[in-house]
Amino acid sequence: MNQNEFIHLIEPFKDKVFRLAKRLLVSSEEAQDATQDILVKLWDKKNGLGQYKNVEALAMTMTKNYCLDQLKSKRASNLKIVHTNFTDREAGLDQKMEDQDSWSWVEKIINELPEQQKLIIQMRDIEQYDFEEIAKMLDMNETAIRVALSRARKTIREKMTKTHQYGIS
Amino acid sequence: MELARIEELIEKYFQGDTTLAEEKQLKQYFSTETVAAHLEHYKPLFNYLTVNDKELFNKELSLPSKKRFSAAWIAIAASLVFFGGLFAYLNYKPSPAPAQVVSDLGSFVSPEEAFEETQKALALLSENVNEGVESIAYLNEYEKSKQLIFKK
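As you go down the protein sequences, you meet chains G and L in turn.
Residue 1 is where the first sequence starts when you use my numbering, and the numbers rise one by one after that.
Residue 170 is where the second sequence starts when you use my numbering, and the numbers rise one by one after that.
Everything labelled a hint here was simulated from the structure, so no lab data went into it.
Mixed in with the good hints there might be a few duds.
Claimed, not checked - Here are the computed lysine to aspartate or glutamate pairs in the EDC-like style, where the Cα-Cα straight-line distance is at most 20 Å:
1) G/Lys154 - L/Glu224
2) G/Lys118 - L/Asp186
3) G/Lys118 - L/Glu176
4) G/Lys159 - L/Glu224
5) L/Lys228 - G/Glu132
6) L/Lys223 - G/Asp33
7) L/Lys228 - G/Asp130
8) L/Lys212 - G/Glu132
9) L/Lys228 - G/Glu11
10) G/Lys159 - L/Glu191
11) G/Lys162 - L/Glu209
12) L/Lys181 - G/Glu158
13) G/Lys162 - L/Glu202
14) L/Lys193 - G/Glu11
15) L/Lys196 - G/Glu11
16) G/Lys154 - L/Glu209
17) G/Lys118 - L/Glu229
18) L/Lys223 - G/Glu30
19) L/Lys212 - L/Glu229
20) L/Lys196 - G/Glu30
21) L/Lys212 - G/Glu107
22) L/Lys196 - G/Glu29
23) L/Lys223 - G/Glu5
24) G/Lys53 - G/Glu5
25) L/Lys196 - G/Asp130
26) L/Lys223 - G/Asp44
27) L/Lys212 - G/Asp15
28) L/Lys223 - G/Glu56
29) G/Lys136 - L/Asp186
30) G/Lys154 - G/Glu142
31) L/Lys181 - G/Glu132
32) L/Lys193 - G/Glu132
33) G/Lys154 - L/Glu229
34) L/Lys228 - G/Glu30
35) G/Lys41 - L/Glu229
Note that this is a predicted model, so its numbers are computed, not measured.
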């Protein structure tokens, strides 16, 4: 596999890898570094990629593991991730939003969820994978994923309703 | 789409039971202008979920070329250096010591003359040294009297 073929292969999912990394690591820069690392890892094992039926699922699983490792080592070394880039958006996207304020509230609420729920919300509600794929990527069974997803969505609803009723809490 | 259907979908959504198609319907509904007032507060959520997948990885991807030195090549290079060193060491012949330099005789012309003068100088030196040694010979007297007192 040469470089062009590889780039062609990762094209459909490299953004998904990036967004998933960003969901977990929060900072754009860190997510970019993580994406870079993961894609290089994939590139390193390019000769073995033929055995995998679904390279995308493999990449997502690698991303999950990589980011969780990162977070673990970060916690171990007592470093906190800086939440600085909530407002880092392109202008075109901004205009789509009537209510930018509560929109970033949604982001904040999602970022407060436990890692596993974050992962599931990201994969299901944003990347729109079906349950079977998510189950494979996270190595969980579908029922557990449905439960976690429902819990995550309800948490978001609860916090949002609170914000909606009382203003910014 | 009728409101009852949307409400039903929302309920299913929070139970985690919606299909991808149904979720798409919900997102579509909330992206329109006409959202029922009592559902208005879900709007930011669904809009966020819709818009968020537009963020792209736009950093230039740099793939390392595979020209990495393998262990075998490093070993080969190291053994080359080693044998080269060994070869050079075994073949080293010290260059013959330079012949006695005749021109370094200072103010003398012939070596014999220089030799004589050197001997003279050394004789003078030893004479003076002997003089000095004689002058401390009397220190032996102390030794003698000490022997008298502290007989071993």
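Comparing the hints with the structure gives:
Restraint check for G/Lys154 and L/Glu224: the C-alpha separation of about 25 Å exceeds 20 Å, so the hint is violated. A hinted pair counts as satisfied when its Cα atoms are at most 20 Å apart, and G/Lys118 with L/Asp186 qualifies at roughly 18 Å. Proximity of G/Lys118 to L/Glu176 is assessed by CA-CA distance (about 25 Å); at most 20 Å being required, the pair is judged violated. Distance hint between G/Lys159 and L/Glu224 is unfulfilled; the C-alpha atoms sit about 25 Å from each other, more than 20 Å.
Distance check on the hinted pair: L/Lys228 and G/Glu132 sit about 31 Å apart at the alpha-carbon level, beyond 20 Å; violated. The suggested pairing of L/Lys223 with G/Asp33 holds, with an alpha-carbon distance near 19 Å, which does not exceed 20 Å. Restraint check for L/Lys228 and G/Asp130: not satisfied, since their Cα atoms lie roughly 28 Å apart, outside the 20 Å limit. Between L/Lys212 and G/Glu132, the direct Cα distance comes to roughly 28 Å. Violation of the 20 Å bound is thereby established for this hinted pair.
Note on L/Lys228 and G/Glu11: the hinted pairing holds, with a Cα-Cα distance of about 13 Å set against a maximum of 20 Å. Restraint check for G/Lys159 and L/Glu191: not satisfied, since their Cα atoms lie roughly 23 Å apart, outside the 20 Å limit. Taken as a hint, the G/Lys162 and L/Glu209 pair is honoured in the structure, with Cα atoms around 14 Å apart against an allowance of 20 Å. Between L/Lys181 and G/Glu158 the alpha-carbon distance is near 16 Å, which keeps this suggested pair within the 20 Å criterion.
Restraint check for G/Lys162 and L/Glu202: the C-alpha separation of about 23 Å exceeds 20 Å, so the hint is violated. For the hint linking L/Lys193 to G/Glu11, the alpha-carbon distance of about 24 Å lies beyond 20 Å, and the restraint is violated. As the CA atoms of L/Lys196 and G/Glu11 are separated by approximately 26 Å, the hinted pair breaks the 20 Å bound. A distance of roughly 17 Å separates the Cα atoms of G/Lys154 and L/Glu209; the hinted pair therefore holds under the 20 Å criterion.
A C-alpha spacing of about 27 Å is found between G/Lys118 and L/Glu229, which places the hinted pair above 20 Å, so the restraint is violated. For the hint linking L/Lys223 to G/Glu30, the alpha-carbon distance of about 18 Å falls within 20 Å, and the restraint holds. Of the supplied pair hints, the one linking L/Lys212 and L/Glu229 is violated, its CA atoms being roughly 35 Å apart against a limit of 20 Å. The hinted pair formed by L/Lys196 and G/Glu30 fails the criterion: a straight-line CA distance of about 29 Å is larger than 20 Å.
A hinted pair counts as satisfied when its Cα atoms are at most 20 Å apart, and L/Lys212 with G/Glu107 qualifies at roughly 13 Å. Between L/Lys196 and G/Glu29 the CA atoms are separated by roughly 29 Å; this puts the pair beyond 20 Å, and the hint is violated. About 24 Å separates the Cα atoms of L/Lys223 and G/Glu5, which puts this hinted pair outside 20 Å; it is violated. Distance restraint check for G/Lys53 and G/Glu5: the Cα-Cα separation of roughly 17 Å lies within the 20 Å cut-off, and the hinted pair is therefore satisfied.
Taking the CA atoms of L/Lys196 and G/Asp130, the gap is near 16 Å; set against the 20 Å cutoff, the hint holds. Only pairs whose Cα atoms come within 20 Å are accepted, and L/Lys223 paired with G/Asp44 is rejected, the gap being roughly 28 Å. Our distance criterion of 20 Å between C-alpha atoms is broken by L/Lys212 and G/Asp15, whose separation comes to about 25 Å. Under the criterion of a C-alpha separation no larger than 20 Å, the hint pairing L/Lys223 with G/Glu56 is consistent with the structure, at around 18 Å.
Restraint check for G/Lys136 and L/Asp186: the C-alpha separation of about 19 Å stays at or below 20 Å, so the hint holds. For the hint linking G/Lys154 to G/Glu142, the alpha-carbon distance of about 18 Å falls within 20 Å, and the restraint holds. Distance restraint check for L/Lys181 and G/Glu132: the Cα-Cα separation of roughly 19 Å lies within the 20 Å cut-off, and the hinted pair is therefore satisfied. Our distance criterion of 20 Å between C-alpha atoms is met by L/Lys193 and G/Glu132, whose separation comes to about 18 Å.
Distance hint between G/Lys154 and L/Glu229 is unfulfilled; the C-alpha atoms sit about 38 Å from each other, more than 20 Å. For the suggested pair L/Lys228 and G/Glu30, the alpha carbons sit about 12 Å apart, so the restraint of at most 20 Å is met. Note on G/Lys41 and L/Glu229: the hinted pairing holds, with a Cα-Cα distance of about 16 Å set against a maximum of 20 Å.
Checked against the numbered hints above, the structure violates hints 1, 3, 4, 5, 7, 8, 10, 13, 14, 15, 17, 19, 20, 22, 23, 26, 27, 33; every other hint is satisfied.
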